[in-house]
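J.: Starting from the known structure of chain A, arrange chain B on it as the hints suggest.
2 protein chains.
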Amino acid sequence: MSGHKAGAEIERLIQILSRLPGLGPRSARRATLHLIKKKEQLLRPLARAAEDAAERVDTCSECGNLDVNNPCAICTNPKRTKDVICVVEDVADLWALERANAIKGRYLVLGGTLSALDGIGPEQLNISKLVERAADPEVKEVLLALNATIDGQTTAHYLTDALELCDVEVTMLAHGVPVGGELDYLDEGTLSAAVKARKPF
Amino acid sequence: MSGHKAGAEIERLIQILSRLPGLGPRSARRATLHLIKKKEQLLRPLARAAEDAAERVDTCSECGNLDVNNPCAICTNPKRTKDVICVVEDVADLWALERANAIKGRYLVLGGTLSALDGIGPEQLNISKLVERAADPEVKEVLLALNATIDGQTTAHYLTDALELCDVEVTMLAHGVPVGGELDYLDEGTLSAAVKARKPF
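Those protein sequences? They're chains A and B, same order as listed.
Quick note on numbering that gives the first Met the number 0: the first sequence kicks off at 0 and runs consecutively.
Quick note on numbering that gives the first Met the number 0: the second sequence kicks off at 0 and runs consecutively.
So that you can see chain A by itself, here it is in the shape it has in the complex (with noise of 0.2 Å):
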């Protein structure tokens, strides 16, 4: 497959390291090389954190999340506010929030967006989860942080609608200019998104 003729051990380890997002097969090479190089630093922790994520780490059943426990820690956090709900795509957006220390409350994943082009549709995603959770009369808001690609904000919609009958504020992410972010770099949708929302100063 990749050619390199190194032992069949060796070869494993590339072809599976080269199926990962953002490794080709060079890459995954040179990540071989150097995880064989550095056996006990880094080759044998490796094999020992995958066995442990592998038999340790699991979907939350109540937001999607991935942790040791069921339901996650984030799910079992009393100093988590149980008024707001926020959608998210996927398990990296989550903690994208998470390292921005942005979401009080807690969270759904929705494990993706309605995409008619690859043929997703509603009950695919965990949309009765998110209904069901937003009944509960605690809940005041579900906030849907999608992305704002045209999927994204289909799934919005859709989303809306399938919160009608709950008591709930919908609400979405702010659009404007990235923080740090230069103007001259930015496309035209932000911007104006930027200029119709603009506020006091």
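If you're looking for bench data, these hints aren't it; they were derived computationally from the structure.
The beta carbon of each residue, even a glycine, is placed where N, CA and C say it ideally should be.
Treat each hint with caution, since some may be false.
Here are the simulated DSBU-like pairs of lysine-lysine, each with C-alpha atoms no more than 30 Å apart in a straight line [as the list claims (entries may be wrong)]:
#1 Lys37/B - Lys36/A
#2 Lys128/B - Lys36/A
#3 Lys36/A - Lys81/B
#4 Lys38/A - Lys198/B
#5 Lys37/A - Lys37/B
#6 Lys128/A - Lys128/B
#7 Lys128/A - Lys81/B
#8 Lys36/B - Lys78/A
#9 Lys198/B - Lys36/A
#10 Lys37/A - Lys128/B
#11 Lys128/A - Lys139/A
#12 Lys81/A - Lys36/B
#13 Lys36/A - Lys195/B
#14 Lys103/A - Lys36/B
#15 Lys128/A - Lys37/B
#16 Lys37/A - Lys198/B
With beta-carbon atoms standing in for the labels, derived distance ranges [as the list claims (entries may be wrong)]:
#17 Gln152/A - Asn125/B: 11 to 21 Å
#18 Asn100/B - Lys36/A: 48 to 58 Å
#19 Leu116/B - Gln123/A: 55 to 65 Å
#20 Met171/B - Gln123/A: 57 to 67 Å
#21 Asn69/B - Gln40/A: 17 to 27 Å
#22 Thr148/A - Val176/B: 56 to 66 Å
T.: Positioned in the frame of chain A, the structure of chain B alone reads:
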């Protein structure tokens, strides 16, 4: 460290992956998420492959290649001529030459190049083994397949001196236009080397 707060098991996997060449914290997070989502197809196989490689792969005491056998499959292959020893800087270079099927002989991995800047002297490299093997009367040629960098060329000169007492011809890779390369994109050094080494058509 990478501040994503997703449990120690996940965090450890991200940290190890982010130390691989070509992966930063962001791509290590993406890779980890991908691995956990594909637990059976990727994460468990990765754990096994890393464990296997850590247990079984070793450095060949003859040539410095990585293999499950010592001496390695190349050194013990009777179809490979003993006439030629191809000297490379790193195992990655050996793999590249093997993919090209370019070497009929055997190898010696130096483990680096001489570098005053990085404080790498002759004793840090696999040079005594090279001289020992080159002294074998069966060996007729030592091909220096070193990088065309200053350090690579310094090392080539040093090795030529070190091999003076052995009865071998010391050769080096040809410089020229890469096959499929466009002249327009090549540096001046390569172009003038290719012109100097021009051949009848």
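J.: Run every hint past the structure and note whether it holds.
T.: A quick look at each hint next to the structure:
1. Between Lys37/B and Lys36/A the alpha-carbon distance is near 27 Å, which keeps this suggested pair within the 30 Å criterion.
2. Proximity of Lys128/B to Lys36/A is assessed by CA-CA distance (about 20 Å); at most 30 Å being required, the pair is judged to hold.
3. A C-alpha spacing of about 27 Å is found between Lys36/A and Lys81/B, which places the hinted pair at or below 30 Å, so the restraint holds.
4. Restraint check for Lys38/A and Lys198/B: the C-alpha separation of about 47 Å exceeds 30 Å, so the hint is violated.
5. About 26 Å separates the Cα atoms of Lys37/A and Lys37/B, which keeps this hinted pair within 30 Å; it holds.
6. Between Lys128/A and Lys128/B the alpha-carbon distance is near 66 Å, which puts this suggested pair outside the 30 Å criterion.
7. Taking the CA atoms of Lys128/A and Lys81/B, the gap is near 68 Å; set against the 30 Å cutoff, the hint is violated.
8. A threshold of 30 Å between alpha carbons decides the hint, and for Lys36/B with Lys78/A the separation of about 28 Å falls inside it, so the pair holds.
9. With a CA separation close to 42 Å, the supplied pair Lys198/B and Lys36/A exceeds the 30 Å bound.
10. For the hint pairing Lys37/A with Lys128/B, the CA-to-CA distance comes to about 23 Å; that is within 30 Å, so the pair holds.
11. The suggested pairing of Lys128/A with Lys139/A holds, with an alpha-carbon distance near 16 Å, which does not exceed 30 Å.
12. A distance of roughly 27 Å separates the Cα atoms of Lys81/A and Lys36/B; the hinted pair therefore holds under the 30 Å criterion.
13. Under the criterion of a C-alpha separation no larger than 30 Å, the hint pairing Lys36/A with Lys195/B is inconsistent with the structure, at around 39 Å.
14. Between Lys103/A and Lys36/B the alpha-carbon distance is near 26 Å, which keeps this suggested pair within the 30 Å criterion.
15. At most 30 Å may separate the alpha-carbon atoms for a hinted pair to count; Lys128/A and Lys37/B meet this at roughly 23 Å.
16. As the CA atoms of Lys37/A and Lys198/B are separated by approximately 45 Å, the hinted pair breaks the 30 Å bound.
17. Taking 11 to 21 Å as the suggested C-beta distance range, the pair Gln152/A and Asn125/B does not conform, at roughly 60 Å.
18. Between Asn100/B and Lys36/A the Cβ separation comes to about 25 Å, which falls outside the hinted range of 48 to 58 Å.
19. In this structure the supplied range 55 to 65 Å holds for Leu116/B paired with Gln123/A, their Cβ-Cβ distance being about 56 Å.
20. Met171/B and Gln123/A have their C-beta atoms about 59 Å apart, which keeps the hinted 57 to 67 Å range intact.
21. Take Asn69/B and Gln40/A: their Cβ atoms lie about 22 Å apart, and the range 17 to 27 Å holds.
22. In this structure the hint that Thr148/A and Val176/B lie 56 to 66 Å apart at CB is violated, the actual value being about 44 Å.
Violated hints for the displayed structure, listed by number in ascending order: 4, 6, 7, 9, 13, 16, 17, 18 and 22.
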